[in-house]
Structure formats: C-alpha cells, structure tokens
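Protein chains in written order, with numbering that gives the first Met the number 0: chain A, 0 to 179; chain B, 0 to 350.
Worth flagging that the hints you see were computed from the coordinates, not collected in a lab.
If you're wondering where the values come from, they're calculated on a predicted model, not measured in any experiment.
Glycine included, each C-beta is placed from N, C-alpha and C at the ideal position.
Any given hint could turn out to be false.
With a cut-off of at most 25 Å between alpha-carbon atoms, the simulated BS3-like pairs for lysine-lysine come out as follows [what the hints assert, rightly or not]:
#, chain 1, residue 1, chain 2, residue 2
1, A, K41, A, K26
2, A, K118, A, K85
3, B, K330, A, K118
4, A, K68, A, K58
5, A, K166, B, K330
6, B, K80, A, K2
7, B, K151, A, K2
Over the 12 Å line for every Cβ pair with chain A, so calculated as not near, a few chain B residues [said to hold, decoys possible]:
#, residue
8, T11
9, F39
10, F182
11, M221
12, L225
13, L254
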Amino acid sequence: MFKDSFDKICWLLLIVLIISASTLIYKDSNVADSKRTTASNKSLDRELANRARMELIAKLYAPVEVLHKEGNNPTALLKLDELIRKYPAEAHGHILQGEILINMGAFDEAVSSYVAGVKLNGDYVDAKSPLSRRVEIQRLVDEGLKTISKRASSSPDNSSLAVSRQKINYLKSRLAGGCE
Amino acid sequence: MLRNREFWLVMTSGLLLGALGVMLAVWGNPENSGICVSCFIETSAGALGLHDNQRMQYLRPELIGFVLGAVLSAVAFRDFKSRGGSSPLTRLFLGIFMIFGCAVFIGCPIKLLLRLTAGDMSSVAGVAGLIAGVWIGLKGLAHGVELAAQSKARSSGSLLIPAFFLILLVFFMVRPGFLLFSFQGGGAQYAPWLVSLSSGLVLGGLAQRSRFCITGSIRNFMMMGLRVPALWGLLAFIAAALVANMVTGRFNFGLYGQPGAHLEYIWSFLGMGMVGWISVLIGGCPFRQLIKAGEGDADAGLVVIGMFIGGALAQSWGIAATASGVSLYGKISILAGFALVAVGSLLFRQR
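So that you can see chain A by itself, here it is in the shape it has in the complex (with noise of 0.2 Å):
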C-alpha cells in the first residue's frame, strides 16, 4: 500500500484529510456557543419544545383545572371534551378526564381515559418526567386487580369486565417497564 507515487499522494491526502477536520473541530470547541459554524443542539432544541408544550398544556387545561378544583365536574368534563376532539393527539385531556372521572367514581371509565392518554403519550408512566402521573395509575391498577376478581365471581357473564381487565394489564405492564 505504499508502492507508488499514487499510493503516496492517497496517504498524503488522508493525512491532510485527517488534519483539517481535526482543525475544524477544534477551532469549533473554542468558539462561543452564538457563533458556532455546528448544527444546532438538538438536545437542547428538544429540550425548550417540551417546556414550551408545558407550558401550552398549562395554559390551555387550566380552565378544566379550575372547574375541576371548584368541584364542577360536569362542567369540566365538557370542556375536555371539547378540548380533546380539538387536540386529538394530545394525552392530557384524557389523563385529566381519568382524574375526574375516578373522583366522580367511575373507575372503568377512568381507566379507558388513562390507557388512551398513556397510550398517545407513556411520558406519564415515566417517574421522572415532569408530567409523570405514575402514583396515580399504579394506585388505579392496584385497585383494579383487586376489585376485578371479586367483580368477576359476582358477574361472571358481565362481558365488559373483560375489557376493563384487559386495560389494567396494559396499564400494568407500562409501568413494569422494558422496551417500547
């Protein structure tokens, strides 16, 4: 591999290849932050786009919020309503309805609204995300396995218990975890 003048001039190429990129990323290191020639962080563009959707959630659930703490449900459940046929892909307005709804004592309905937010979004089964409402579901799931069986024997022809164990067990296994 170094028998010819051509061979020569390859390797002498790759070393003035391996110098100038070698020059260009160090020029790049000492240079501010502003100015630098590097795409953009994308770390960090992630980062202020998930506090900006904090914040957008904030502000627009923060009427449900207000219904919900002065104990107008109903009402409340309107507003989600309306909110989530206008923001189909968000997972708020369904995490939020659960929260209503287990208040309100309707639990399998609770349920089906916290595995379709989880499911749009498994940030809230994630303990450390800021939207993270992993307490909650586990308290909901505990719950559930429990009341499920004594419902069972009471009912056994009752078609939608089956539904409602099948989205405990989902609910379950988001917050046991592994690859999704």
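Given chain A, work out where chain B should sit, using these hints.
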C-alpha cells in the same frame, strides 16, 4: 465433552450472556432488556437521528462493545478474515425484516429467553415460533436453499463495519450536537456506560471465540442432537438468567402485565418464526451477525446495516409492537417478510 475446549468456551459464553443479560437490567437498562440486540439497534438508530421516537434514542455502548470485542478477539487470535460477496443485497433486506420480526415480538432471541426466564409466559409463543422458524429454515437448507457462497475478499471492505462502530464509540464519548438522547422511556434507561461497554466487549470477545448464538444452538441441536456444545451453552444461558432473575427479585411468573410484552400470541409466534427462518438462511441471529461483522464478514456487515435500517423503519412506520398489541403495519411487515423469504427460497434453491 468435558475435556473439549469449545464446550467450556460455549458454556462460559452462555453463562455470562444470561447473567449479564439480567444484571444490565438491574444496573439500569429497561426491564427484561439487559441485552436485546434489536432494541439496542432501534435505540441506537434513534440516537443517530434515523427515527423520531423520542423515547427510543440512546447510542447503546453494549452494541459497540459486541462488535469491537469481536474485532479485538479476532485480531488477537488471528481470526480476522476478510470475506464477503454472498448475495449482499438479499442479506441487507433480510437484515431489515429480521428486525421487523423482532420488533413485532418485542425483542431479539436473547431477549426472548430473558423474558422467559423472568417468568413472562407470553414469550412462550415466541419460543415456539423461533423453534418452528429454525426448523423450516433447516428444511429449506436440506432442500438446497442457500445463499451464494462467500469468497475471501482481497480488499479491506471488511474493516468498514468495525470502523463504523469505532466512530460510534467516538460519537458516544464526544456527544456531538446531532446525536439524540431520550429523556423519557426505554431510551432513558441505561446502565453506567463503562459497565455496558465493558460487558459488551467481554461478551463480544467470548462470542467470537465460541461462535455462540441462540438460533445457531437450536439449529445445531436439531441437526446433531445432544452432542453439540452449543445446546449446553444455551442451557447454561437459561440457567444463569433464571437464577439471576430469582436472586435479584425480578422473576414475575404470569401472562399479564409483563414489561415490554403483548398478548397477541399468533403474531409473537410469527415474528419469532420469521427471525428463526432468516437466521438459518444468513447464518445466525442478530447478535451473531454483529460478531461476524466484527471478525471480517462483510456479508454480516450488510445484515447489520440492514438491521439499522430495519430498526429505524420499525419505529418510524409504527411497525414495532407495544404493550397494547401489534399494529396493522407490524402485521403486514411480517407477512411481507415471509413472502420475501419464500420467494428467496424459490430463487436461491439449488435444483
């Protein structure tokens, strides 16, 4: 057999793969995914910006370790042999579909056994599928289905994959701005990087020496029965993982609520069946392809590239299954994969 050096190498590989597979999850990797080549490829493809699932982006040091460990071992034992030229494009596509199969099951054959030894009974369908797939692949081989023969490559194209993984290691250390890392989800769960990297290096080196592979062990057992050391390696893997799961309190027997699992058994069976069949055709499971790519096999290198493409597409196109089940695209990808393998079997059959 007890005096056979190969037997002990395979046993050590199996034991360490099983034990580290559990321990890496204890040290921070996702549940039951201490080692999962397909998951690692999906998260690494995400880290490189090849897909946009923000919960599956992390350049897994284990993956880099597997390849570089195999390179170091192959060089140290003068086993690095440049070879290639066996139906490269076919292998690339088979690599893509192999990851689709894993994504539909949620895990590679290593994770399949890790799930099983953690008490996840929903993985039994995958075990049956993998065995059936290997069996069909063997039937194909017996009827003359095989890809074109490899040739010893004169060029150094075989160095490209090791070089690629070396660059990935540099990326991991330097963390350039274009590299993506998850803040939430499976991609944000990882063991300390030095532990992950060194585990990968040790397992890569050992697997290179022993040629240990999950589907290869099943294949060899079907062909030669109990005489083959590979089967004992497989049993050692299962025993080590089972003990580690029990000791660390991770054994949770049952069908429901298992981590990273779904209850669509037919698709689990078919997904792993496709992986088994493809593995026999291309000579090894996803893990083995990484090891072979590290010891100079350019064909395995193309499978690895295919696996990265597959990992990216599995996430971008919604092929990967979740706890809620298998998507329509996932199901279609399995059917398309089987169709590809069937057509390939017709075309590559020596008549």
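Checked against the structure, which of the hints given earlier come out wrong? 9, 10 and 13
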